[in-house]
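Based on the provided sequences and hints, a complete structural model is requested.
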Amino acid sequence: MKAGRITGAASLEAFCRGRLHTAGLVSASLAAAAVLGVDPAALDAAADARTPSPALRIAGRKLGRQLMRAARATWPLGELEALAREFPKGAHQPVVLGLAARAAGLEAVDAAYCAAYESVSGPASATVRLLSLDPFDATGVLARVAPEVDRVADRAVEAARRVVDGGVDALPAASAPLLEISAEVHAAWAVRLFAS
Amino acid sequence: MHLEHHHDGPGAVSADARRPDGARRALRIGLGGPVGSGKTATVAALCRALRDELSLAVVTNDIYTREDAEFLLREAVLPPERITAVETGACPHTAIRDDISANLEAVEDLEDEVGPLDLILVESGGDNLTATFSKGLVDAQIFVIDVAGGDDIPRKGGPGVTTADLLVVNKTDLAPYVGSDLERMAADAKAQRAELPVVFQSLRSEAGVADVAGWVRAQLAAWTA
Ligand SMILES: Nc1nc2c(ncn2[C@@H]2O[C@H](COP(=O)(O)OP(=O)(O)OP(=O)(O)O)[C@@H](O)[C@H]2O)c(=O)[nH]1
Ligand SMILES: [Mg+2]
Numbered sequence: 000m001k002a003g004r005i006t007g008a009a010s011l012e013a014f015c016r017g018r019l020h021t022a023g024l025v026s027a028s029l030a031a032a033a034v035l036g037v038d039p040a041a042l043d044a045a046a047d048a049r050t051p052s053p054a055l056r057i058a059g060r061k062l063g064r065q066l067m068r069a070a071r072a073t074w075p076l077g078e079l080e081a082l083a084r085e086f087p088k089g090a091h092q093p094v095v096l097g098l099a100a101r102a103a104g105l106e107a108v109d110a111a112y113c114a115a116y117e118s119v120s121g122p123a124s125a126t127v128r129l130l131s132l133d134p135f136d137a138t139g140v141l142a143r144v145a146p147e148v149d150r151v152a153d154r155a156v157e158a159a160r161r162v163v164d165g166g167v168d169a170l171p172a173a174s175a176p177l178l179e180i181s182a183e184v185h186a187a188w189a190v191r192l193f194a195s
Numbered sequence: 000m001h002l003e004h005h006h007d008g009p010g011a012v013s014a015d016a017r018r019p020d021g022a023r024r025a026l027r028i029g030l031g032g033p034v035g036s037g038k039t040a041t042v043a044a045l046c047r048a049l050r051d052e053l054s055l056a057v058v059t060n061d062i063y064t065r066e067d068a069e070f071l072l073r074e075a076v077l078p079p080e081r082i083t084a085v086e087t088g089a090c091p092h093t094a095i096r097d098d099i100s101a102n103l104e105a106v107e108d109l110e111d112e113v114g115p116l117d118l119i120l121v122e123s124g125g126d127n128l129t130a131t132f133s134k135g136l137v138d139a140q141i142f143v144i145d146v147a148g149g150d151d152i153p154r155k156g157g158p159g160v161t162t163a164d165l166l167v168v169n170k171t172d173l174a175p176y177v178g179s180d181l182e183r184m185a186a187d188a189k190a191q192r193a194e195l196p197v198v199f200q201s202l203r204s205e206a207g208v209a210d211v212a213g214w215v216r217a218q219l220a221a222w223t224a
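Protein chains in written order, with numbering that gives the first Met the number 0: chain A, 0 to 195; chain B, 0 to 224.
Hints listed in this document are in silico derivations from the structure and should not be mistaken for laboratory results.
All C-beta atoms, glycine included, are put in the ideal place defined by N, C-alpha and C.
A couple of the hints might just be wrong.
In silico SDA-like cross-links for lysine to any residue, where the CA-CA straight-line distance does not exceed 20 Å [said to hold, decoys possible]: (1) Lys88/A / Ala14/B; (2) Lys134/B / Asp15/B; (3) Lys88/A / Asp108/B; (4) Lys61/A / Ala84/B.
Derived contacts from chain A toward chain B, CB cut-off under 10 Å, selection only [to be verified]: (5) Lys61; (6) Pro87; (7) Lys88; (8) Gly89.
Structure representation (structure tokens):
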């Protein structure tokens, strides 16, 4: 936003679309694979490999640690406890999300939807706060990308099924270099409103 | 619903009184209150008063800077590894009450890294009169107001003033200059808080933080009893 790339609803929509089909698809696939019972440590390593920016890796683990706390308080499940023990400072958020969904008795597609939606709802609410964008315009953006969220969730579940047989290399590795670069630039700012 | 508490599991979920290894965790005391009322100054004075008798650490919360932590570091009230800054990125109350996870991570990491600790002070960034700490984060809370913010604040009440375990009315040295009526503040606070304690202090005076330090010692005695 500070770089002037997002200035209103139209550029927000373009940004959301880009994030959804790259980072969103990867997150959704990781989450879906975790629901299907793929080894979370292998998924966590795959998430690392798909996140070049150290700042984003740290943020992803922080979010995972926070989600883990909420999930364990709500659904005490052996697999969640084991992951918390293995990653005391946090596993990647989509992996925790998938395992939490599994603990809650949800399907792979549910976790994929959560991750895909999160990849667009975060930027939308940040734009409301930082640019004072009309919140109804932001909601309109989310509504317009909804059909694509559907498609990304479906693709993520297909990818996750391939992972069950073929291993984590079957996960998509779509990347958005500008997101990674701007995360590194942002981490170096003295005054930051958001940590992720 | 009754949720199980795992004391040998992979870490406490939030307010569990025991650490994963079974040891009692540090007492956590929160300090909240309006912007500039003297929270950081009170934390600094408490550290100086208590650091020789207790194992202490501090967590500060600022919206988008690390000002408070940097002040404490400059004043060298504690070694740097005992001070952690949480950047809330939004109204401070969201991080001390609504989503306490970043602060819980800070207190847990401090205990892991510099523990065992007796006491952790958690300072909220300056906020409004409704800002209170979650019971999942702290065991007791101090609400710090000052005489210069208007002597009608105790009468206005709000959750901070009425429910905090200790209300501190700070900067009494300034009362003559800003025309604040301390007796009226005391009467209003009494009316709002019934038996809950109130301390009037000036950190510029000889006594300084002594009364608040005494209250903290009593809290700690009750916690370890
Ligand atoms: N005269 C006087 N000044 C005080 C007293 N206590 C604190 N101050 C001053 O009040 C100013 C604000 O104090 P802080 O401790 O930074 O206040 P704070 O509540 O931590 O502020 P925020 O964290 O920004 O909300 C500083 O300049 C302190 O030196 C006091 O008892 N008397
Ligand atoms: Mg302060």
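Verification of the hints:
no.: 1; hint: Lys88/A / Ala14/B; verdict: holds (18 Å)
no.: 2; hint: Lys134/B / Asp15/B; verdict: holds (11 Å)
no.: 3; hint: Lys88/A / Asp108/B; verdict: holds (9 Å)
no.: 4; hint: Lys61/A / Ala84/B; verdict: holds (15 Å)
no.: 5; hint: Lys61; verdict: holds (8 Å)
no.: 6; hint: Pro87; verdict: holds (6 Å)
no.: 7; hint: Lys88; verdict: holds (8 Å)
no.: 8; hint: Gly89; verdict: holds (9 Å)
In summary, this structure violates none of the numbered hints.
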